[in-house]
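Engineer: Read off the chains here:
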Amino acid sequence: MKKLLDLRFVIGLFFFIVGVLLTIYFILNLKQKTNASINIKCGVSFVVFGVIMIFLSYIQEIKEE
Amino acid sequence: MKLTLIDYLIIAVYFLFVITIGYVLKRKIKTGNDFLMSNRNIPLWITSLAFISANLGAQEVLGMAANGVKYGLYTVHFYWLGASLAMIFLGVYMMPFYYGSKARSVPEYLALRYDEKTRGFNAVTFAVMTVFSSGISLYALAMLLKIILGWDFNMSIFIAAGIVLIYTFLGGLTSAVYNEVLQFFLIVLGIAPIVIIGMEKAGGWHGILQHVEASKMHVWKGMASASTNPMGVDAFSLVFGLGFVLAFGYWCTDFLVVQRAMISRSLNEAQRTPIIATIPKILMPAIVIMPGIILLALQSQFKGFNLPTNASGQTDYNMALPVLLSNLYPNGILGVGITALIASFMSGMAGNVTAFNTVFTFDIYQSYIKKKASEKHYLYVGKATTIAGIIISIATAYIARSFNSIMDLLQLVFSFVNAPLFATFFLGMFWKKTTANGAFYGLVSGTLAAALAHGLTTAEGKGGWIYNLHTFYSGTGQAFTIAWIAFVACFIITIIVSLLTKPKSEESLIGLVYSLTPKQKDNSKKWYKNPLILGIIILSITIALNIIFF
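Each protein sequence line maps, in turn, to chains S and V.
For what it's worth, the numbering used here labels the leading residue of the first sequence as 78, then goes sequentially.
For what it's worth, the numbering used here labels the leading residue of the second sequence as 13, then goes sequentially.
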């Protein structure tokens with residue numbers, strides 16, 4: 078619960094979840110003609126951004142300790 | 013545009029997060045000060061992003077894309093001229109007085125510098141403006157969702173208002189600020205792909221230059237006369253009206269944005285908040301204006317990018333971004349784009365509601381209704397005001413639905429109130445002989461002068477309700493001119509009345525007036541901690557951008 082007070086962690090977690098959703102949606106629709114690469118590009122970018130934010134929040138925690 | 017399960021899932025995740033933020037922060041709220049002022053304990057990076065996010069509402073995201081179509085690259089003046097200098101000025105020169113005086117709000121500073129009547133005038137006009145603005149954000153959101161997604165108007169209003177109520181009621185200003193930062197990232201990352209895909213489809217920057225008329229691809233060219241540029245504004249009105257009066261009036265005195273800097277952990281961070289916020293602000297045109305320009309390029313190359321007309325048969329420029337979303341975004345990322353739009357509306361609404369509850373609790377309730385009560389009592393008042401603010405916003409949204417012109421009216425009222433207010437602050441902070449009566453009558457005169465200027469001029473069929481003495485090329489030109497007239501009227505009347513009345517003693521003005529306040533020595537040798545050095549660097553970058561896109 079305490080981690081949720083760290084905005085970096087919250088933002089990271091949000092984009093990580095949205096990124097994973099976009100990636101899964103792309104994979105599930107691989108065979109469809111309408112499948113668009115923008116979903117996988119954005120999905121992976123969001124996951125990376127999310128992981129960086131979560132990493133930053135842990136760095137901050139270690140610094141504070 | 014049709015949403016599928018994945019889009020709804022992304023919207024649901026966002027709603028879940030904003031409510032959870034409010035719920036988690038609820039445990040930290042114990043006093044009225046925690047609820048309304050975040051106990052002045054928010055880190056610099058959060059206050060800086062919240063500072064621009066509070067302004068990154070619906071008008072910004074939809075309106076600037078619309079202006080991009082209408083005025084092209086000239087729209088960047090709202091950022092490079094109409095924001096950066098004023099934000100740096102706020103940080104370097106004005107924040108020491110706001111923060112140093114320990115005032116909890118902008119009206120409270122007016123009470124310390126002048127008197128209660130000036131504070132009351134500003135508190136009441138500001139409170140009315142914020143709830144109206146919040147209601148109009150709500151109305152615009154519901155209308156947008158109805159038009160592009162076919163959602164029910166009433167359902168959209170109550171869901172959006174309900175979510176904003178939950179997270180602002182639970183976590184107060186801290187919750188609003190935290191959500192604003194999340195919304196900032198969502199808006200940037202949700203809309204940026206449209207710029208990338210759109211640019212690619214339009215043939216890159218070269219393709220845009222080829223397909224958009226050259227007259228819309230400059231920033232300063234043709235500004236010598238109002239008739240030779242798409243904005244319909246001459247250089248004087250642009251620089252003095254927008255760059256000085258409106259920009260400084262908004263960024264330096266509007267409590268909605270100033271509040272985000274006032275909750276910083278120290279004076280140095282409060283000063284750096286608006287200055288650091290200037291960095292994303294000057295880059296924001298790439299996200300909010302470029303879609304409009306890209307649309308212009310796509311319109312000349314492909315079918316399906318034309319803008320619809322509104323009820324009065326005119327081109328509805330506000331649909332620029334939704335048209336791009338529906339044409340360029342597939343399901344999945346479409347959910348992110350729609351969530352970004354919803355976030356921008358909710359961000360604008362929450363910002364207004366939190367500013368409203370602070371001003372009402374401290375500047376109206378505590379000043380005029382119950383002066384001495386416990387912290388717990390003011391916490392309850394703050395929470396009750398939050399509920400009242402949301403209910404009034406919902407009512408305003410329905411009023412806006414019935415009276416289409418209410419949005420224009422509100423924009424006008426903003427320029428009536430903010431433009432003269434900057435003259436009052438400017439004189440108050442930099443001229444020790446400014447008196448309370450001078451400030452009050454100056455403010456009233458400035459507001460009346462603005463109303464008179466509007467009544468005697470017309471633009472795009474608006475104004476001239478007394479007599480039409482002059483017709484402007486554009487509504488923007490009229491707004492800039494009214495702003496500087498209001499400022500000059502307030503400035504002159506304040507000086508005249510001040511010279512005829514007795515000023516406050518110099519002792520009582522220490523910490524409130526520049527010349528009477530001991531200058532703070534910044535012992536920090538690090539350049540990035542010095543507000544003035546930071547300001548000069550960012551200003552130089554802004555000037556360079558103006559030259560590059562001249």
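For the record, the hints were derived by calculation from the structure and aren't laboratory data.
It is possible that some hints are incorrect.
Cβ-to-Cβ under 7 Å is the rule here; a few derived chain V residues that face chain S [unchecked claim]: (1) Pro205; (2) Pro342; (3) Gly344.
Source: prediction; values computed, not measured.
Every residue, glycine too, gets a C-beta built ideally from N, C-alpha and C.
Engineer: Evaluate each hint against the coordinates.
Structural biologist: Going down the list of hints, with the structure as the test:
1. Pro205: holds, 6 Å
2. Pro342: holds, 4 Å
3. Gly344: Holds - the Cβ of Gly344/V comes within 7 Å of chain S, reaching about 4 Å at its closest.
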